[in-house]
Amino acid sequence: MSAITYVLAAIVGLAAGVTGVMGMLGVGLTCRLPALLPLGGVTLVLDPLAGVFLAMIGVAAVPASLYALGDTRHTRRGRTAYLLFVGAMAVVPVAGNALTFLLAWELMSLASYVLVVHDRESREAVRAAWVYAVMTHAGVACLMVGLLLLGTWAGSFEMTAWRAAAPSLLPWPRNLVWTLLALGFAVKAGVIPLHVWLPLAHPAAPSHVSALMSGVMIKLGVYGLIRVSLDWLGEGPPWWGTAILLAGAVSALVGVLSAIVDRDLKRVLAFSSIENMGIILIGLGAGVLYQAAGLPALAVLGLTAALYHAVNHTAFKTLLFLGAGAVVHATGTRDMESFGGLIKRMPWTAACFLSGAVAAAALPPLNGFVSEWLTFQALLQNLLIERPAVNLVFALGIAALALTGGLAVACFVRAFGISFLAVPRSDAAARAHETEAPPRLAMAVLAVACLALGLGATAVVPMLAGVGADVVGVVGALALGDALVLDVSGNFASLSMPVIAIALALVGVGVVGGLAVTGRGRVRSYETWGCGRMLQTSRMEYTATAFANPFKRVFGFFYRPVPQIDIAAHPASRLFVQRIEYANPTRSLFDDWLYRPLLTGVNRGVRVVRVVQSGSANLYLAYILVALLVLLVLA
Amino acid sequence: MIVDFLAAVVQLVLVALGAPLLIGLVRTLKARLVGRRGPSPWQPYADLRKLLGKERVVSTTTSWIFSVTPIVLAATMLVSALIVPLVISRPALGFAGNVIVLMYLFLVATFFLALAGLDAGSAFGGMGASREVAVAALAEPTIVLAVFALAMRAGTINLGGVVERVSADPWLALAPGHLLAFAAFFIVMLAETGRLPVDNPATHLELTMIHEAMVLEYSGPDLALIEWAAAMKLFLFMSLLANLFFPWGVPTHTTITTLAAGAIVLGAKLAALAGLLAVMETAVAKLRLFRVPELLAGSFALALLSVTSMFLLR
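Top line first, the protein sequences correspond to chains R and H.
Mapping of the first sequence onto the working numbering: residues 4 to 638, in sequence order.
Mapping of the second sequence onto the working numbering: residues 281 to 594, in sequence order.
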């Protein structure tokens with residue numbers, strides 16, 4: 004029974020992917036069903052931008068469903084919600100009017116809520132789902148108000164009409180609508196400081212769902228941001244782009260810094276998603292700024308970089324979550340300190356996870372690097388905007404992106420190295436076994452996709468640039484080099500990933516050959532040098548916590564760690580230590596300085612309002628009567 | 281066509297064979313500066329030869345990552361040698377990647393070396409890996425901003441374009457923004473290639489080392505490859521410093537005579553930079569590990585100043 008549901012979900016994903024690619028290539032479809040629902044009915048419109056995000060659903064949903072087929076122990080519960088989740092996500096980008104969009108959006112959120120809370124016995128999951136529900140509904144509230152205002156002011160709830168009507172709006176309504184919608188979408192995209200739900204909800208959900216949430220659902224927040232900043236409201240003032248770029252820079256840095264110190268493998272990946280959303284928003288913000296400055300070609304470049312990184316992130320993050328799922332399944336824990344040595348017990352998973360890690364650390368020749376490179380090229384041309392203040396914003400964006408790149412390398416060295424290399428750190432890790440065939444196939448497909456998206460950049464980027472040109476409204480294709488070399492902005496920068504990959508392979512073979520000729524090839528196996536000690540155990544390995552320590556010290560102002568050491572000595576003498584406990588937890592800036600004061604304020608307000616909440620049904624009926632009378636009088 | 285091929289071969293050979301000499305030269309100069317005779321500059325070749333003839337001792341806890349890493353390291357450095365303008369402004373693979381590709385190729389090497397450090401399961405390897413990636417991450421923003429400062433002047437970020445632009449206007453190399461970027465890049469070079477005051481290439485005292493801690497498990501030909509790759513990284517970084525910031529004398533078209541001239545000019549510039557490095561390393565002491573971020577923050581400030589000066593003085 005469960006197999007049928009997941010096969011069905013894979014088919015929905017495949018259909019979405021095929022439709023999406025068709026949409027990207029310029030096939031436009033419109034489907035109106037006015038009788039289906041009140042307030043304008045259901046409208047579905049396929050345009051190139053929607054196509055990109057539909058294609059992403061295909062990239063993620065097919066492998067995730069395949070994975071779920073193999074991992075039956077965790078996937079028996081929540082089948083219907085999973086199918087609904089995939090279906091609703093496929094409707095969001097093609098929704099053509101406000102009502103269809105809000106319905107699909109809400110259905111997507113509710114279905115994912117059910118999936119997060121699937122493990123009802125776990126306190127952690129229940130709390131995560133609660134935070135998720137509150138945050139996501141605060142976002143939906145913003146979206147609902149924003150879309151209703153926009154619909155009213157533009158005189159139509161059809162999205163196609165908004166762009167035409169936008170220039171006639173006054174600046175303040177446009178800015179108000181933009182702020183509301185951007186906030187609503189930013190919650191879903193996990194933008195700092197609205198991200199609090201993300202590192203809780205993603206690890207709590209089963210792995211194939213985490214993969215979809217991280218791979219696709221949060222991207223739909225980006226989809227909304229692109230629509231509202233470049234399409235629905237027309238061309239905006241420069242502060243929109245500045246806000247997006249700075250939010251992206253902060254998200255990228257905070258995301259990767261949080262990922263570096265976390266011990267929970269799935270939470271590391273969740274924080275890394277925040278980081279990558281930041282990188283996408285840096286590209287998008289640059290695009291919006293260029294558009295406001297009247298440089299449409301560069302606006303297309305920025306938007307292309309954002310879309311490309313979004314697609315790439317879908318591929319490698321889905322892969323990483325599936326890999327993490329396999330590891331969690333094999334060891335029964337998410338704590339990295341209990342892994343170790345898995346590369347020998349789970350060689351397939353390790354190889355796939357490594358390719359995902361290389362892509363996520365933005366290293367050549369995989370896809371994450373190429374889109375980060377493209378984002379750099381979009382940022383580096385900011386000198387064409389002749390305003391020092393804007394240039395400085397760009398310079399900070401460049402620096403943030405570079406630091407993020409470096410820290411991401413550290414983060415994934417730690418995630419892969421501590422989890423998969425050296426000696427097992429627990430019995431569970433020592434007894435771990437490789438996953439079944441379907442999950443392995445799912446991961447292998449995604450690893451190949453990561454390689455193909457990187458090496459095939461010269462095919463993918465012009466296609467996405469066509470989508471970007473369609474959104475920005477530029478006629479004519481951008482020159483982006485030939486089939487071998489990606490050439491940005493007429494010789495500003497060029498890149499040829501296939502040539503570099505082939506050169507690396509050839510030189511590598513040459514080095515191996517050279518070694519075979521010169522070296523004598525004698526190999527002796529021996530134990531690791533342990534300073535002369537006789538015994539090498541897993542207790543002597545470097546731990547994940549220790550690995551993160553330099554970062555904790557350097558960025559102490561951000562982590563604000565509180566070292567606690569507790570030594571229990573023997574009653575006879577304090578020199579006989581029986582037990583030492585050391586902990587160095589970090590504290591969240593956002594919890595302490597934003598959410599706790601906010602919640603305290605809300606609690607105080609609620610206590611005031613409690614006066615009217617007596618619990619008496621008669622009194623409530625009286626309230627309804629009074630409210631009705633007041634409304635009638637006002638009307 | 282044949283000349284272009286020749287240029288590629290010259291660049292490869294220059295990096296592959298010149299790198300150990302550069303290391304040897306710095307060592308000899310440092311020894312002379314402190315009043316020792318020191319080894320001959322050719323000593324690193326003898327070291328490499330000896331290592332190549334030895335057997336490999338491989339820990340039983342390691343995986344394929346450990347064996348692959350030395351090859352990855354050598355391959356990334358050799359490919360980088362075809363991207364950096366050494367004896368010609370547009371080398372063979374100059375079209376395939378710019379300076380950002382180059383920095384990320386170096387990060388690939390760092391990534392695998394750090395993994396190999398963790399692979400053997402000893403505390404030293406992990407410690408070195410953790411410190412190395414921390415230093416590499418903190419150096420990254422400075423590199424990109426310094427390069428951005430150059431790209432702003434040249435209107436391109438392709439290395440060949442930058443070299444040709446500054447060559448066409450030689451006094452540009454002495455502009456204040458340019459010199460600030462040079463200073464920033466120089467500090468980062470020290471950090472990236474594991475020189476004093478960030479890391480001490482001569483030490484084997486466990487608590488102070490970064491790079492040496494990661495490669496502790498390597499022996500024989502593997503160690504030779506790693507040492508060779510580290511030497512090539514220093515060679516490439518110093519060539520970048522020499523040819524990006526002071527591209528005087530880098531030929532823009534390829535003939536056999538210009539190739540020879542380019543090689544001689546590069547040799548002279550590298551010798552000068554090696555002298556500067558030796559003086560620096562003799563004059564300063566190693567910083568405590570947790571003071572290194574302050575140094576890198578300083579270099580970042582220099583790079584940011586350089587960029588801002590270009591915004592304001594265009």
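Simulated from the structure, these hints should not be mistaken for lab results.
Beta carbons: idealized from backbone N, C-alpha and C, even for Gly.
Treat each hint with caution, since some may be false.
Restraint ranges, calculated between C-beta atoms of paired labels, are given here [as the list claims (entries may be wrong)]:
| id | chain 1 | residue 1 | chain 2 | residue 2 | range |
| --- | --- | --- | --- | --- | --- |
| 1 | H | Val348 | R | Leu17 | 31 to 41 Å |
| 2 | R | Ala462 | H | Leu556 | 42 to 52 Å |
| 3 | R | Thr548 | H | Trp344 | 25 to 35 Å |
| 4 | H | Ala548 | R | Asp594 | 51 to 61 Å |
| 5 | H | Pro456 | R | Gly535 | 50 to 60 Å |
| 6 | R | Cys534 | H | Val564 | 46 to 56 Å |
| 7 | R | Gly535 | H | Arg316 | 25 to 35 Å |
| 8 | R | Arg123 | H | Val348 | 37 to 47 Å |
| 9 | H | Gly547 | R | Gly517 | 44 to 54 Å |
Here is what the structure says about each hint:
no., hint, result
1, H:Val348 to R:Leu17: 31 to 41 Å, "holds, 35 Å"
2, R:Ala462 to H:Leu556: 42 to 52 Å, "holds, 46 Å"
3, R:Thr548 to H:Trp344: 25 to 35 Å, "holds, 27 Å"
4, H:Ala548 to R:Asp594: 51 to 61 Å, "holds, 59 Å"
5, H:Pro456 to R:Gly535: 50 to 60 Å, "holds, 55 Å"
6, R:Cys534 to H:Val564: 46 to 56 Å, "violated, 30 Å"
7, R:Gly535 to H:Arg316: 25 to 35 Å, "holds, 31 Å"
8, R:Arg123 to H:Val348: 37 to 47 Å, "holds, 45 Å"
9, H:Gly547 to R:Gly517: 44 to 54 Å, "violated, 25 Å"
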